[in-house]
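Asks: Given these sequences and hints, build the entire structure.
If you read the protein sequences in the order shown, they are chains A and B.
To convert, count from 1 in the first sequence and add 3; that's our numbering.
To convert, count from 1 in the second sequence and add 888; that's our numbering.
Calculated directly from the structure, the hints in this document are not laboratory data.
None of these values were measured; they are calculated from a predicted model.
For each residue, glycine too, the CB sits at the ideal point set by N, CA and C.
The reader is advised that the hints may include incorrect statements.
[Said to hold, decoys possible] Among the chain B residues that face chain A by a calculated CB cut under 7 Å, a handful are:
hint, residue
1, Gly938
2, Ala942
3, Val946
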Amino acid sequence: MAAASLAAKPAAEPSLRRSVTPWGSFSWGYSDVGADIFVGLGLVLGTAAGASNVAFLFAGIVYVCIGLAYTELAAAYPVAGGGQYFVFRGLGDIFGFIAGWAVLLDFTIDIVLFAWSCIDYLSKLLPFLGYVDHPWVHFLVVFSLIGGLALLNIIGVRESSAFNEFVSGLDVVSETTILFFGFLFAFQPQLLIHTMTVSWPSPFSLMNGVSLAIISFVGLESISQAAQETQRPASVIPRTSISLILTILIFALAYSNLALGMQPWHAIPPDAHGHAQELWQYLGNENNNGAAVAVLASYVPYFGTIAALYVPVLGAILLLISSNSGVFGSSRIAYAMSGTQLLPSIFQRVHPKFRTPAVSILTFCGFAIVELIFASLPRLSAPVKAIYARLFRGEDGITFLGDLYAFGAAASYSFVFIALIALRLNDSQSPRRFKMPFNVPFTFKGNRVEFPLVAVIGFFGIVSILVFTMITHEIGRIAGPLWIVLGIVGYLFYRRRKRLPVFGSQPHDWRKAQINILQEAGELEMMDEYLVNVKRMDAARTTIRETLR
Amino acid sequence: MRNLVRSEGYARARLVTGSIAMVLGAILIVRTLAATGLAFKALPACVLGGAMIALGVVRFRDYTAARRGRP
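Replies: Right, dumping it as structure tokens:
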């Protein structure tokens with residue numbers, strides 16, 4: 004992919020500048036994955052009810068496995084492209100395409116879901132932006148926001164990384180303070196257990212909740228996508244990734260436990276029918292599920308008074324950054340896939356004046372707009388609402404988008420686990436400064452390799468979430484696979500037309516690519532180690548061949 | 889921001905917050921187990937406590953590594 008082509012360039016050609024520090028690497032990942040809990044909390048509370056913390060726990064365990072896999076791969080192959088590159092390298096062209104195509108689905112939803120939730124958070128301060136009461140205003144504002152982000156990306160304006168780092172730092176402090184006050188003054192373990200006992204959901208709702216909980220953990224791959232710009236990636240990425248994995252896991256588990264076991268500072272308003280409701284029910288209803296963290300923060304004793312004023316703004320900024328990362332990420336992945344002939348060359352076209360991949364940006368922002376229309380339609384048109392009620396159990400808005408997001412994430416992560424196992428077996432020469440724990444050593448094709456047991460656990464975990472998504476979400480079951488199938492049909496047609504291997508792969512010189520990758524990363528010790536490993540492996544193979552003769 | 893996160897004061901602050909996370913994690917586990925005993929429903933809160941302790945350990949290791957001058 005990008006890295007392969009980049010690795011083949013002479014060293015004198017310009018490449019991405021390595022300016023990302025350990026903190027920069029952390030904040031890069033945090034600004035993407037840290038925003039997810041702002042969206043995921045309300046959705047999961049609305050479906051998994053008293054088992055929301057269990058749903059987050061299950062998804063969190065899978066997420067830890069995903070995080071460890073990405074950490075190992077990004078430290079061993081520090082190139083831009085993330086999961087798509089790992090699958091492309093480990094499993095070949097067609098699987099590289101499918102993984103990239105699933106990531107592209109996720110990025111387009113990322114654009115609209117986070118733009119949507121950004122406006123939901125702002126609506127806590129500006130009620131006229133609310134989706135339920137003012138759907139047309141909400142739709143037009145989200146539409147304009149996506150259009151504005153597309154325009155900024157075409158012009159080439161990005162948020163400064165210093166701003167990113169500042170917002171991430173502020174958010175970590177803010178979320179920690181909310182949780183600190185909440186657990187210190189309002190958390191009651193007895194209430195948590197009572198809620199879990201009385202409001203335990205049906206198995207169907209629990210599966211639904213687990214499949215939505217995974218969206219709170221999507222985005223960790225940002226660290227691996229920034230690997231090509233990270234200083235000393237092999238040592239920095241494992242440190243920042245582990246910190247990020249733990250931070251996000253703690254936030255997700257803490258918010259869900261707090262929401263179920265917190266005694267709110269103020270009385271909760273009754274529901275639409277005048278019935279009393281618990282805090283978690285209030286957070287999960289359609290008015291609040293898009294901005295649950297801000298609502299929860301406002302019910303925290305003492306600190307809630309201040310939090311009610313600034314958390315909606317901070318959340319909106321973080322969500323806007325995340326939405327922008329969707330615009331940026333989708334266009335760059337499409338550009339890179341085009342470079343390795345997985346997508347047509349039109350996606351490599353850059354704007355003559357601004358030198359940005361304008362076609363890719365417009366295409367994937369266009370997909371995002373289509374998704375926005377499908378998500379908003381039921382509120383905008385009564386006949387469509389009736390159709391959705393019949394076909395999709397009435398799912399609309401943020402739930403609609405959450406379904407597709409869960410499908411795209413689960414599909415692409417499944418391939419990353421398989422790629423990790425394949426690369427462990429077929430590329431044992433590449434030095435790995437970080438390895439997933441619990442490995443079984445054995446001999447494969449004459450080489451000593453280590454089989455990663457955690458990758459197998461993670462694979463079954465993420466596949467089960469994919470299955471939950473297919474079982475519980477009508478939209479995810481239809482639109483998700485349809486996206487993949489249409490992509491594969493287009494890929495086959497394109498490869499046949501270009502007379503390229505349709506199901507096979509083009510020849511790649513991975514050895515040369517790996518040497519260039521490590522050289523450009525400044526990981527010269529790893530490069531020397533790689534060269535020694537390669538020579539040793541070649542010598543062993545020669546000896547075996549001569550013995551056989 | 890970058891100057892701040894490179895400073896020794898920031899490393900010490902991380903060590904302090906990491907230590908607080910370890911203490912809070914331990915308190916959470918003890919309080920939950922005291923309220924429920926060894927029950928399945930205590931698992932999410934106990935895992936949360938365990939993750940907070942692990943975060944404290946990671947920050948302690950980062951601090952010692954930073955003192956040794958690791959990049």
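Asks: With chain A as the partner, please determine if B/Val946 meets the hint condition of a C-beta pair closer than 7 Å.
Replies: holds (6 Å)
Asks: Min Cβ distance, B/Ala942 to chain A: is it shorter than 7 Å?
Replies: Result: holds, 6 Å to nearest chain A Cβ.
Asks: Answer holds if the nearest beta-carbon of chain A is closer than 7 Å to that of B/Gly938; otherwise answer violated.
Replies: Violated. Min distance 10 Å.
Hint compliance for this structure: hint 1 alone is broken.
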